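A.B. asks: Counting with my numbering, you get residues -5 to 103 for the letters of the sequence shown.
By construction, these hints were calculated from the structure, which means they are not laboratory data. All figures in this text were calculated on a predicted structure; none of them were measured in a lab. Backbone N, C-alpha and C fix where the C-beta goes; we use that ideal spot for every residue, glycine too. Some hints here could point you the wrong way.
Simulated pairs of lysine-lysine, DSSO-like, Cα-Cα distance not exceeding 30 Å [to be verified]: (1) K54 to K93; (2) K93 to K77; (3) K54 to K101.
Label pairs and their in silico Cβ distance ranges [what the hints assert, rightly or not]: (4) W100 to H33: 30 to 40 Å; (5) R58 to Y34: 37 to 47 Å; (6) A50 to A74: 16 to 26 Å.
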Amino acid sequence: MQQQEHGSTRPRAGEGLGGCSHGSRSTTRPRWDEGALSHYYASFPDINITNEDFIAQGNKVLVRSTIRATQQGDFVSIPASNKAIQIMAVDVHDICNGKVVQTGTWKIG
């Protein structure tokens, strides 16, 4: 699940979806890892994710997003730089019974 504010989205920590039969296999979407999200928000407190495009066909939904942020805290082994970043991301969601059951993400530059 995502929280939307002014054209941007931010996952809510601790939220996830239950299992759903998906063809011959059963899948469960993992819950958001609150610790991992806290690390991102500590490093990039002004993170803004804008959904640019949505394309749906069958049980798939593609979302193209632009991620913008400023590295204001240390990230992994990279010291805070106060430099702006911009990344394009493409997420492909598998939908079952109206719920997202699996997501693949690609980040470009």
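A.B. asks: Next step is simple, just say for each hint if it's right about the structure.
C.D. replies: Each hint tested on the structure:
1. K54 to K93: 11 Å, holds
2. K93 to K77: 37 Å, violated
3. K54 to K101: 18 Å, holds
4. W100 to H33: 30 to 40 Å: 21 Å, violated
5. R58 to Y34: 37 to 47 Å: 20 Å, violated
6. A50 to A74: 16 to 26 Å: Cβ of A50 to Cβ of A74: about 39 Å, so the range 16 to 26 Å is violated.
Taken one by one, the earlier hints fail for this structure at numbers 2, 4, 5 and 6, listed in ascending order.
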